[in-house]
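**Q** The chain contents come next:
There are 4 protein chains.
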Amino acid sequence: MDQPTIRDVRAILTSPGEGSLQKRLIVVKVETSEPGLYGLGCATFTQRHSAVRVVVDEFLRPLLMGRDPQRIEDLWQTLHVNAYWRSGPVMNNALSGVDMALWDLKGKLAGLPVYQLLGGKCREGAAVYRHADGAEPEEVEANVRRFMEQGLRYIRAQMGGYGGRGSDAPRPEGALPGAYFDPERHARSVVRLFDHLRATIGEDVELLHDVHERLVPIEAVRLAKALEPHRLFFLEDVLPPEQIEWFRLIRQQCTTPLAMGELFVNANEWKPLLEGRLIDFIRCHISAIGGLTPARKLATVCEHFGIRTAWHGPGDVSPVGHAANVHLDVSSLNFGVQEWAGFSELEQEMFPGCPEIRGAYAYPNDRPGLGIDVDEKLAAKYPCPEGVLDWTQTRTPDGTPAYP
Amino acid sequence: MDQPTIRDVRAILTSPGEGSLQKRLIVVKVETSEPGLYGLGCATFTQRHSAVRVVVDEFLRPLLMGRDPQRIEDLWQTLHVNAYWRSGPVMNNALSGVDMALWDLKGKLAGLPVYQLLGGKCREGAAVYRHADGAEPEEVEANVRRFMEQGLRYIRAQMGGYGGRGSDAPRPEGALPGAYFDPERHARSVVRLFDHLRATIGEDVELLHDVHERLVPIEAVRLAKALEPHRLFFLEDVLPPEQIEWFRLIRQQCTTPLAMGELFVNANEWKPLLEGRLIDFIRCHISAIGGLTPARKLATVCEHFGIRTAWHGPGDVSPVGHAANVHLDVSSLNFGVQEWAGFSELEQEMFPGCPEIRGAYAYPNDRPGLGIDVDEKLAAKYPCPEGVLDWTQTRTPDGTPAYP
Amino acid sequence: MDQPTIRDVRAILTSPGEGSLQKRLIVVKVETSEPGLYGLGCATFTQRHSAVRVVVDEFLRPLLMGRDPQRIEDLWQTLHVNAYWRSGPVMNNALSGVDMALWDLKGKLAGLPVYQLLGGKCREGAAVYRHADGAEPEEVEANVRRFMEQGLRYIRAQMGGYGGRGSDAPRPEGALPGAYFDPERHARSVVRLFDHLRATIGEDVELLHDVHERLVPIEAVRLAKALEPHRLFFLEDVLPPEQIEWFRLIRQQCTTPLAMGELFVNANEWKPLLEGRLIDFIRCHISAIGGLTPARKLATVCEHFGIRTAWHGPGDVSPVGHAANVHLDVSSLNFGVQEWAGFSELEQEMFPGCPEIRGAYAYPNDRPGLGIDVDEKLAAKYPCPEGVLDWTQTRTPDGTPAYP
Amino acid sequence: MDQPTIRDVRAILTSPGEGSLQKRLIVVKVETSEPGLYGLGCATFTQRHSAVRVVVDEFLRPLLMGRDPQRIEDLWQTLHVNAYWRSGPVMNNALSGVDMALWDLKGKLAGLPVYQLLGGKCREGAAVYRHADGAEPEEVEANVRRFMEQGLRYIRAQMGGYGGRGSDAPRPEGALPGAYFDPERHARSVVRLFDHLRATIGEDVELLHDVHERLVPIEAVRLAKALEPHRLFFLEDVLPPEQIEWFRLIRQQCTTPLAMGELFVNANEWKPLLEGRLIDFIRCHISAIGGLTPARKLATVCEHFGIRTAWHGPGDVSPVGHAANVHLDVSSLNFGVQEWAGFSELEQEMFPGCPEIRGAYAYPNDRPGLGIDVDEKLAAKYPCPEGVLDWTQTRTPDGTPAYP
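Protein chains in written order, with numbering that gives the first Met the number 0: chain F, 0 to 403; chain L, 0 to 403; chain D, 0 to 403; chain S, 0 to 403.
Honestly, the hints are just simulated from the structure, not real lab data.
Heads up, a few of these hints could be off.
Heads up, the list lumps identical chains together, so a pair's fine if it works in one copy or across two of them.
[Said to hold, decoys possible] Okay, derived cross-link-like pairs now, DSBU-like style, lysine-lysine, Cα gap no bigger than 35 angstroms in a straight line:
id	residue 1	residue 2
1	270	380
2	270	296
3	224	380
4	224	296
5	376	224
6	270	224
7	270	376
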């Protein structure tokens, strides 16, 4: 066949299930001059979904029409700088949708799974971690044990939601709406939780914990140090991106492994942490940094620094995005662990070819490209609802808006 | 077809031309269970050619037999650590031969040129630099002008060989054999050369210079500073790998762009230079660091640090190695310039599919894989001569053995 | 007599015993124009033995023929730089064989043991450490006690092999062959082992432990800190050479003494550790860094930095190499401890003049040179088997190739 | 023969010539139980000659009697720490006398020149520099040219003595006795001198200059920078040992090569300069740092840092000390240049076996040990005069005591 060119680019939005504000997925489809030859990429940004669609359809599409889809390195850079102001959420998500679709396409052109293009597998599967929650230590313990029985080896334990969301934090007079929580109480409860878990479950499972940036800096340092005896696999987002310099202080105080990055949107955020070897796991949200092209590079840079990957894998990543995660996981020597939210039956029907989990590991399939498709008709039946999220309206007990 | 497995691995040695000690080329051929499906990689180490062959044939071959050739990341690491002591010349060259061959194979399996697997082209061709020599400034000038007339934009200017090799440096009583040169005289002559070139040719051509590590550290600093007004494109190997800490002093004293790395054999040599942003171009010898897999990663790490690539491309790299250089050049965003030695007619006949130079640029061809083959029958007609090189037996005027 | 010149150089390979892949010894013999006057040096690189032989016989030999064997400093540098790419395994081992042989020769010419040439003894014997292994803490304890009863004062305690090799680490689907081990489990078991040993044996013996680079960086830091209360004499190879920058973090967190270096192959690997005073013991493999000439210099440089020596002394060093270790040990003011593998009866017969161990100490003999010979006829009866090692094909539970 | 033991140790003092305060030489003789077997070492400290004799005869001798002279490393350390307060002038000179004598002895026992024990020659001869003085630039030029005609390639140019000693610096009322000089005038005159020399003689000779620590720090920086265009081989003692931190400022400002160290008496003085790569040549006075044992180590440490040696070699070093310098010079890979004062006919008669200068190089002889003897009867005819030096009573124009 002739060299295919790009014939169309568009964003597909869907909210599988009840049409949840928290699950507005965006997939970009890049179609070529070759009938039936297209690629898919994840551009999901649940909180600002329609802005991403606008960037894809109005700004990236015209730059891509008629171009050679195989020149990914060239197109990525071309799209990246085209708005002059570059990177950041919205634009990175849009770019990611295109970029992953181009890798998917390249795999299909090669007749090879994307992990082959990235160097081939260097492990059989990607170890995953699941999320065990509960109101009290005993309930968390029960949920941890349930996952252990399923063969999982890495489990994130949380109590009362991130930072005690929904907790009965006392509210001041005239309190505004929002999800109030008490950072101090949260910090204390976490230590109590892990005291319980290590005492009852022992050390033969890897435990993780996500602070979700809900502490002031010195409290974050204190918590990281307090959790040192509990031998966490990692402590996640212990500081907000606005206060990354405090990681140095944590490093001086303890050996608790640190994971950071799901909110990062450009390299100036991770550079000092990498160059100072101040974290142990990079866990960017791949579609928030622009797709597989920058993620693959970031994995390589982290390998240089002795830092492992733990890409963000929450429920509001589309299955296409999860597939991309897993392809990168199995081909990166410095892969650490993969967050795993699981797919509903509807999602698996809507996105044929979802990566599968067996025992402790997730596995990509071996079809060309990312190995995943989208049933557009089915997707269209679940349109995204309009509106803004509630949980990102968070306040501390005195009514101060806080990091969610 | 079934997934191919590795059926054989062997080193092909040849010395196209008169059988020169300085041109003992090594190409590794990885054959698969699929008839006619094989990959080629460059393992050339002219100075210790037969030791590389032993590593390939006796140690890497048994580790590779029956394995899946597509798991490059896995196989690279497996071979890399198998000898326990890792990296270094000889073993890295052997590993490179296998690694490039696996990339060549993967390209053939995909039906795509290797540059496509690396992300696709982000430029049309790779700007090259050529080497202009001469005994006096006027002769160098004439040779520079000759290259300019051929359309070249980057030219490395040397006078009297590296460090004035073959010069009439005074010798002490009882002088041992070897190529005597005088570092001080060399340093002074270089400034004189570039005074002449800039005065006669002007600034509309990029000039480079290679010190070939032939100065003591403070003299290297002094020369880099003295050449600051001559606006070199870069100054190459101004210090030996044994004294890389002195790059910091050069950085404090001047803005002459610095290229380094052809002698590096593992990451601990380039790490401090990259992390300190102490050089501007990385120019490792790709087969000396273990092939495309580490070179691709090194290019990515350099992109993080704002450093460009200028891979080593002398006459004693096989055409297969030159092809690998060019595939990487056209797909690396932070490519700088490519050293170019050119191919003899015999080399082009022996290695069908050599990359071509047109005007200022080198171009890979678009055939699957590295796009280059070897005529084994022809290669066998030019066996490698035995013996050791003379130019690497270098001494300073008082008879001290020096870096060659 | 006239000044002797070098008349021949060759590698002698032997595998005393059953012809083990793990015991392919290489000794270099440098013969002179003076009948019966020759020197011996260790060039052993078990994993790539035949490549070392090629370098010795084909490349170093022609450079040495007819030269003055007493100019060691000159010849070392001349051989070192002759391949242009220098250092690294294979070439350093070959160079070491020649270098030690030249020191052995110089001792014979002087009629003095090599330790006399190095400045003479500054202690009576070299304290050694032995290796006590076991599947459970009680078994390790029993083996430690056995060595204590033999008078030893330094004992390295390991449980389940390095990193738990051979353990029943769970394997993923489709697991490739290799020695699977679980780094996390290993790290936890080490602390348990030393809890037991210190509780049962007390503090009157110096305990050591070798991590064998089998942990990711932050886990290495955590282990070093966890072992601080156990007062190790040193913790060995807690990080791989690829991640030496993390030693700084260990230093910030604890006072566990650190030994490093058996895998180092050139100065850029140890420089930052020495200059930062980040380790306490240098334990290079002398034949892997090029012989006594660089080792003597490295010992001196370490003395400057307040760092002690603990040269690598495993079973796959030839008795000639062990002799060289001990000569250096007794004449270096900053000697720390010597790893000791012991010699079989066959080895003692094949290499007359092996250094001896009495009580806690090893002693060189007082014959001229290194004081050790080789029975070439006997050696020839035990040819080296071909093949590659299995234990260096190591994987973590998910199938990732790991540092062996 | 049996192992010899030390039978006697004594200091020999002599002032060959007119009995000059500036030439009170001290040689230590270590005699052994073997008749006729003895060693000689230089302990010269002209300014405190008799104190050195007291240390040798009253304190070191009893520690040495009956000991094995071959255990140099042991004895050096034993003597070094015996006074509890260690190092420093007087004690280091005495220790040096013993230490060099032990190396001389070891060479005689081995039947080898000392350079053989140090690793053998790595060059044919040691390039020397001579001292050209004069009242005006033209006179200095004439003296420089005279040396050039003798074949010398390195010449130190001074005008009006160190710091303009003997100059007509204006003196204040009531001026005390002493050698007045004007640092500012000196600094300006030096630039004028090198303007003249480079203009008249050109660049084909290496010029050196000695500031003799006679400038305040910022003036030293200014001078080093002002001399950058004159391309000195090195600028010597530009700062006093009391102000070594200012070397960093010089390094930030210019590339003038720096030599330092003749006044250093222990490692804490040179450590920061070496570790910061702040100087280019170490030029300690070997007998002031304790002899060949520490000098050999210091040379090795400097090799690590890329720094060359230029051992102090003034007229008030005994020929035995000069011989030791040259033995070390020809066997140190990182030798730079050797200061050379030359010997009178009387000195050559009194010390048979002085090293010789031919063309640009000094050569040790090839006799066992240091190859030099002392005619004690002749030496006794030239007893050392008592008294204190005049030139070390130096003042600046306002009468302030200054560094001499």
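**Q** None of the hints should be skipped; say for each whether it holds.
**A** Right, here's what the structure says about each hint:
For a Cα distance limit of 35 angstroms, the shortest separation of residue 270 from residue 380 qualifies neither inside one copy, at 42 angstroms, nor across copies, at 47 angstroms. Proximity of residue 270 to residue 296 under the C-alpha cut-off of 35 angstroms is found in both arrangements, the shortest distances being 13 angstroms within a copy and 17 angstroms between copies. Taking identical chains as interchangeable, the C-alpha atoms of residue 224 and residue 380 are never at most 35 angstroms apart, the minima being 49 angstroms within one chain and 56 angstroms between chains. Proximity of residue 224 to residue 296 under the C-alpha cut-off of 35 angstroms is found in both arrangements, the shortest distances being 32 angstroms within a copy and 32 angstroms between copies.
Taking the shortest Cα distances, residue 376 and residue 224 never come within 35 angstroms of each other, neither inside one copy (51 angstroms) nor across copies (57 angstroms). Within a single copy, residue 270 and residue 224 get their C-alpha atoms as close as 24 angstroms, and across copies as close as 26 angstroms, so both meet the 35 angstroms cut-off. In the homo-oligomer, the alpha carbons of residue 270 and residue 376 never lie at most 35 angstroms apart, since the shortest distance is 42 angstroms inside one protomer and 48 angstroms across protomers.
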